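Undergrad: 1 is the number of the first residue of the sequence shown in UniProt numbering; add one for each residue after it.
Please note that the accuracy of each hint is not assured.
What the hints assert, rightly or not - Computed Cβ-Cβ distance ranges for the label pairs, DEER-style:
(1) Thr32 / Leu52: 50 to 58 Å
(2) Arg62 / Tyr39: 30 to 38 Å
(3) Arg43 / Arg65: 31 to 39 Å
(4) Gln35 / Phe58: 28 to 36 Å
(5) Val24 / Glu61: 29 to 37 Å
(6) Pro71 / Asp36: 39 to 47 Å
(7) Phe72 / Tyr39: 52 to 60 Å
(8) Asp36 / Phe72: 27 to 35 Å
(9) Phe58 / His21: 50 to 58 Å
(10) Arg43 / Leu63: 24 to 32 Å
(11) Gly7 / Thr32: 48 to 56 Å
(12) Lys30 / Pro70: 54 to 62 Å
(13) Lys37 / Ala64: 37 to 45 Å
(14) Arg31 / Ile9: 46 to 54 Å
Bear in mind the hints are in silico, worked out from the structure with no lab data behind them. Just so you know, these numbers come straight off a predicted model, no measurement behind them. We treat Cβ as the ideally placed atom computed from N, Cα and C, and that holds for glycine.
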Amino acid sequence: MVASVYGEIRISQHHRPDDIHRGVMMPRRKRTRAQDKAYRVARERRRNTERLTAEELFLAERLARDDEPPPF
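Start from the sequences, fold in the hints, and give me the full structure.
TA: Here it is as structure tokens:
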């Protein structure tokens, strides 16, 4: 016979905890996407300002040292 019954199906009432694969899950966001974007934009602007300020200071120091005309 092809479709014969071999026994009862036992369904366990014991449930495993939901967090058994907790280490495999993606981490939860600490900030919303909008907050993260605002943070990244502000950080990049701050770095650009620091870089430009350093370049301006370097050029000002260079001009202060080389204020004599060339000898020709």
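Undergrad: Could you work out which of the previously given hints the structure breaks and list their numbers from low to high?
TA: 1, 5, 6, 8
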